[in-house]
Amino acid sequence: MRILISLLLTLLPCVGLQAHHNTQAEFGAFGSETTYIEANIVSISWGNPHVMINVETTGGEMPVGERLRLVSHPINFADDHGFVAADFAVGDDLRIYGWTHMRNNPLIWMRAIQVNDGPMRSIMRFTDMIDIANGVFEKMNMEPAANLNGSPPGRAGPESVAKLREMGLIDEDGLMIWPPQ
Amino acid sequence: MKSALIAIGAALLASVLTLQFAGGQGGLDVAAVDERVAAALADSAIKPRVISFTAESDEDSWLQGRNRDGSPRPGPSNHQNPLIEAENAVCFLTKVEFQDMSGAEDTNACSVSIDDFTGWWQVNAILGDGSDSSLRCNARCIVWE
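Just so you know, the protein sequences line up as chains G and C, in that order. Each residue of the first sequence is one higher than the one before, counting from 1 in this note's numbering. Each residue of the second sequence is one higher than the one before, counting from 1 in this note's numbering.
Next comes chain G alone, as it looks inside the complex:
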C-alpha cells in the first residue's frame, strides 16, 4: 500500500504538467533572467491557449525592427493576472520584460508589460513570488500580478516558499500574502 501511495505521489506532478504547455521547458525557469524590450503593437490575438501580441521592436536589448510574438497565459489566466484584451491596441508602445525562447524561436514569454505611459505590470505571479523572496521585487518598480495575494505559492519552488514563509508572507492556509501586513 505504501509503495502504491508513493507511486501515486510521484506521478501526480506529471498529471498536473500535462494540463498546460510546458512554459519553463520552452522559455526557462520562472526565476531566470529576463530580457527588456521596447516594441510597437502590430496585431493582437487574444485567444486560447495563449494570448498573443505581434510586435516590432523599437529598442531595449534586442535589435530594432525585429518581429516578435509576445505570448502569455490563456485568456482566463491573463484575466486573473489583471489583463484583458481592451488593455492593448494596435499601435500602442510597449515596454516588456520577458523570456526569450530557448531555441531562438521568435517568441517572448511575458514577465511584465507597460502599455504607453501606464505602469509596468506583472503578468507572472510566481515570478513575483520568487523576486519577493529574493528581496528584489520592490526595487523593480512593478505592480504585482492582480492575483498574487491569496495565490498558492507552490510553483515558485520550495526554496522561495520557505523564504516567503520566513518573511511572514504565507498565511495559515499556505497562501501568499501581498502586500505585507
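It is worth saying that the hints were derived from the structure and are not from the lab. Hints should not be assumed to be uniformly reliable.
Listed next, the stretches of chain C that the computed footprint assigns to chain G, with coverage defined by at least 3 CB atoms under 8 Å from CB atoms of chain G [unchecked claim]:
hint, stretch
1, 96-110
2, 116-127
Simulated coverage check for chain G against chain C, where a stretch passes if three residues somewhere in it have a Cβ under 8 Å from a Cβ of chain C [to be verified]:
hint, stretch
3, 21-33
4, 39-48
5, 103-116
Think of the CB as a built atom: it goes at the ideal place given N, C-alpha and C, for glycine as much as any other residue.
Based on these hints, arrange chain C on the given structure of chain G.
Chain C in isolation, oriented as in the chain G frame:
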C-alpha cells in the same frame, strides 16, 4: 545518394516556387505555372549544397479539450508552434493524433503554415469551436543551404 538528394532538392525547389507563384489564385493555369517555374529554376541563384532535416519540435503542438478534473474546456483554441524560418525550408506534418472524438462538434485539425508576421513555418493544433476532444501535432522540415 547524391543524385537522390539533388532530385529531392529540385523537387522541393519546384514545389516551393509553384506554391509561391500559384498560391492564393482561384483557378490554376498549370501550363503558365510550369513555364514560370521552369524559368525561375533556370534563373535561380539557389544552388543547394546541403540538404538537412530538422527533428520534430521537442514539444508537440497540443491542446486538451478537458481539464485535469475531466470538466470540459472546449475550443475554439489554436496553438501555434514556430518551427524554422521559411526562407530556405519546407515543413510537413509528422504527427497527427486525435483523442476522445465523440461528436460532430469535435472538429480538430493539424496543419503547417508560414506565419506572415514572423516569416517562420509553424505547426498549428486547432481545436474546433465546442470541441472537448484532444489533439497533438508535430512536424519536421527539410532545409537547404
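Each hint, compared with the structure:
1. Only when three residues or more bring their CB closer than 8 Å to a CB of chain G does the claim for the stretch 96-110 of chain C stand; here the count is 0, and the claim is violated.
2. By the rule of at least three residues with a Cβ nearer than 8 Å to a Cβ of chain G, the coverage given for the stretch 116-127 of chain C holds, with 4 such residues.
3. Figure legend: the stretch 21-33 of chain G, annotated as covered by chain C; annotation consistent (4 residues with Cβ-Cβ distances under 8 Å, at least 3 required).
4. Judged by the Cβ-Cβ criterion of 8 Å, the stretch 39-48 of chain G is covered by chain C as claimed, because 4 of its residues qualify and three suffice.
5. Coverage of the stretch 103-116 of chain G by chain C holds. Counting CB-CB distances below 8 Å, 4 residues qualify, and the rule asks for three or more.
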